[in-house]
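Position one of the sequence shown corresponds to residue 2 (the working numbering), numbered consecutively onward.
Hints were generated in silico from the structure; no laboratory data involved.
Please note: incorrect hints may appear among the correct ones.
Pairs of lysine to aspartate or glutamate residues, derived as EDC-like cross-links and limited to a Cα-Cα distance of at most 20 Å, are as follows [as the list claims (entries may be wrong)]: (1) K108 with E145; (2) K108 with D69; (3) K108 with D62; (4) K108 with E98; (5) K115 with D62; (6) K108 with D68; (7) K103 with D69.
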Amino acid sequence: MILFQNLADVSGEQIHDWLDAIANNLRPADFDEIRATNPLLTIGDPDPLLVLTMSVMQSEDAWVITDDGEPISVYGAGPSDDPASGIVWMLGTPGMERPRAKIAIGKETYAVFKRWHQRWPRLFNHVDARNSMSILWLFRAGFEIEEVDLTHGRESRPFYLISSIQEGPIHL
2 MILFQNLADV
12 SGEQIHDWLD
22 AIANNLRPAD
32 FDEIRATNPL
42 LTIGDPDPLL
52 VLTMSVMQSE
62 DAWVITDDGE
72 PISVYGAGPS
82 DDPASGIVWM
92 LGTPGMERPR
102 AKIAIGKETY
112 AVFKRWHQRW
122 PRLFNHVDAR
132 NSMSILWLFR
142 AGFEIEEVDL
152 THGRESRPFY
162 LISSIQEGPI
172 HL
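Can you build the whole structure from these sequences, using the hints too?
Shown next, in the form of structure tokens:
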């Protein structure tokens, strides 16, 4: 069974265990993306657990997805420099590519994006052009390519700035 766990409702120890399990089995496309973009690195590979922990800590809303108790993904949203824009993100294991997980993630995150749009009219993130699953996930949720950066991050790779703008009143 696919379950969505709000990290605000679980212990720090449980969060660490889930993040550690995801970090130790990160999808290659997600690992490549954090390696390509992480400005804190000057040499070597990033520590996935550190990246996941920092992402959760910088989020106002963060969730872990489990499949029969196995953590397969973590995602969230947090503020950006622009108070009307929120940064969305998702990282996971190959388990999130199982057909039943893809369906559940697509359905649930669409509703989550609608909720996040009540906080931020514009949701966005930079996505590695090689990370086709992440791009497809965002497209299916109504996001569009806003800009292409051919030399993004420390590896100067092509990245898409993908965003979704919700028209209407701003709730800051």
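Of the numbered hints stated previously, which ones are contradicted by the structure, given in increasing order? Of the numbered hints given earlier, the structure breaks none, since each of them holds.
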